[in-house]
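The listed protein sequences correspond, in order, to chains C and W. For what it's worth, our numbering labels the leading residue of the first sequence as 1456, then goes sequentially. For what it's worth, our numbering labels the leading residue of the second sequence as 19, then goes sequentially.
Note that these hints are calculated values from the structure, not bench results. All C-beta atoms in this analysis are idealised placements derived from N, C-alpha and C, irrespective of residue type, glycine included. Accuracy of the hints is not assured; some may be wrong.
What the hints assert, rightly or not - To give a feel for the contact side, a few chain W residues facing chain C, derived at Cβ under 10 Å:
#1 Arg-25
#2 Ala-31
#3 Lys-32
#4 Ser-62
#5 Gly-74
#6 Asp-78
#7 Leu-80
#8 Gly-83
#9 Tyr-112
#10 Ala-121
#11 Arg-129
#12 Asp-141
#13 Ile-149
#14 Lys-151
#15 Ser-152
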Amino acid sequence: MLKNSVKVWKLARDLGITPSADDVGDIIGYCNRRLRQLLKEFGDCDTLDGLLECAAAKVGTVFIEIDSDQTLARVAREYVQRGERMFANLERELAGEVYGVTFRLQKRESWEPRYVSIIDCRDPKAFRSYFTKWHELAHLLVLTDQSRLSFARTHDSGSRDPEEALMDVIASRFGYYAPLIRQHAAGRISFTEIERIRARLCPSASRQSALLGVVEAWPTASVLIRAEMAAKRGELQNPNQSEFGFGLAASQALRAVRTTANEAARKVGIHIFPNMRVPEASVIHEVFDGSRLDGQQSEDLSWWTTSQGRRLPARPIVVEARLVSESVEALVTPLNPE
Amino acid sequence: MATAGDRIREIRAKRGMTQDQLAEKAELSKGFLSDVENNKRNISSQALLRIANVLGASIDYLLRGEHDQPVADREPVLIPPELSKAAQELNWSYAETLELLDAYNSVVARRSSRTVRDFDKEDWKKLHSAISKSFG
Chain C
1456 MLKNSVKVWK LARDLGITPS ADDVGDIIGY CNRRLRQLLK EFGDCDTLDG LLECAAAKVG
1516 TVFIEIDSDQ TLARVAREYV QRGERMFANL ERELAGEVYG VTFRLQKRES WEPRYVSIID
1576 CRDPKAFRSY FTKWHELAHL LVLTDQSRLS FARTHDSGSR DPEEALMDVI ASRFGYYAPL
1636 IRQHAAGRIS FTEIERIRAR LCPSASRQSA LLGVVEAWPT ASVLIRAEMA AKRGELQNPN
1696 QSEFGFGLAA SQALRAVRTT ANEAARKVGI HIFPNMRVPE ASVIHEVFDG SRLDGQQSED
1756 LSWWTTSQGR RLPARPIVVE ARLVSESVEA LVTPLNPE
Chain W
19 MATAGDRIRE IRAKRGMTQD QLAEKAELSK GFLSDVENNK RNISSQALLR IANVLGASID
79 YLLRGEHDQP VADREPVLIP PELSKAAQEL NWSYAETLEL LDAYNSVVAR RSSRTVRDFD
139 KEDWKKLHSA ISKSFG
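Okay, chain W solo, but in the shape it has when bound:
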């Protein structure tokens, strides 16, 4: 059964990092990291957190090997009226419209000192244009 040490080694290799590099960035000694990866020593949660941050890995994955479950698709898909208007006007395909909605829904939280209003047609067009510029 894979251990936290095994998973650190696995992700470190995927990131193309040496033990030296990871140890330095996580402010650990190379010897300690080597022992952890070889399951010779336990690691504190704080040290594991530093490693997770450097590797850009989920702490729950490193700790327990838990993969994030994919979020089930929303059913039914509701297309906001303003998006629908923009899509009709600019002749976007259904797939393109859904992709835009998915991108929009990837924002899960936002802190603002003012009330944030919903997207209107022009906002959807601007978002489409920004994404098109970057993704073609």
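Next comes chain C alone, as it looks inside the complex:
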């Protein structure tokens, strides 16, 4: 979707990026250069929370966390008193599923930061606050002129706005900035290691987003899987088809409903396709069945077969699995990481 988006193409041109076949990659490269420059300036910045703070200062924004309705009312009042008209509408701005809003201040001293980013940390939005900050920051990293902004705010009524989706890509890339994570990543990835890194580098991030972000940034091949009971893909699209006339339920099985392979895994060809059936012999099954809460075991990638019966290439792997509510999260890594 992003690859063919006119909005993304226009954003790349507005940023002065030479046209290429990969505007998304080029925009990420642009942000990367900005962040590298920033890290040079803040040489003593060695955590992700620190990077967030430095980046915010450099793009000229301040984060204000709203943890209650009272805080919301107080912040709105304070900015209204300073003459910021849009803050009169702050409560409505944060209604529904809006997690954060960035305002360009209209009545500020020339030495004050140009923006303020209001982050909704009230329940149930609180756990997304770290990612929301990076999303707002992503907008400011690629901010050009007002005319493109008004363009960016014209949203389609159907699918998600491509520019917003791109901001999420930038947020996940830099919210879990690989060069910083790799300073602390050693050996095989594990749930314990991911949590240790989260606690050290970005304690304000949610466990779920850290899980995804750290896997993506890990230097050696790692695949994250979420396994749940699910039907075959065709049956998912047409859930009543198999029931028609026969009363048969769709063939539910434990499947990898969501998979994330990091760059190193993609390079060495370790990839488990979404909706593949979890092998009966896998520790993932054992954990799902409840015979243990978590576990790790040596397995082989060739245990995984596609719906056409094709086996994945043989390769010794290590699978670590843990039960999370109604599903199982698993980390798949090669037995001998390259």
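We have chain C; now place chain W onto it with these hints.
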């Protein structure tokens, strides 16, 4: 030529803060802050960032004295049709309508899990009403 220390002292005074208060909030020793303000010691970027956050000042201003350049006005001004309708219906003046549009355009980014639709006439009326309530 003014230094970072000079600018810290200048903004601190504008904010009506004492060295003690700023040092405490920025988790620095008063002696260190005093030395920085008097150009006797250099300050790390991290410490400067903490001071910037406490003072509500731009880090680039403290570091280099860079004032933010005002953004040039957009030309031509495009009034969205729905705003135009609301303005006609409620008889808002051109200046009032532009002020409303400026306020609306001060939102530069928003994160939402759903597609955010453009303002319709009723949204513009509600925004006008909220601003009028606060600003008269």
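Hint check results:
no., hint, in the structure
1, Arg-25, "8 Å, holds"
2, Ala-31, "12 Å, violated"
3, Lys-32, "8 Å, holds"
4, Ser-62, "6 Å, holds"
5, Gly-74, "6 Å, holds"
6, Asp-78, "7 Å, holds"
7, Leu-80, "8 Å, holds"
8, Gly-83, "9 Å, holds"
9, Tyr-112, "17 Å, violated"
10, Ala-121, "4 Å, holds"
11, Arg-129, "4 Å, holds"
12, Asp-141, "9 Å, holds"
13, Ile-149, "5 Å, holds"
14, Lys-151, "7 Å, holds"
15, Ser-152, "4 Å, holds"
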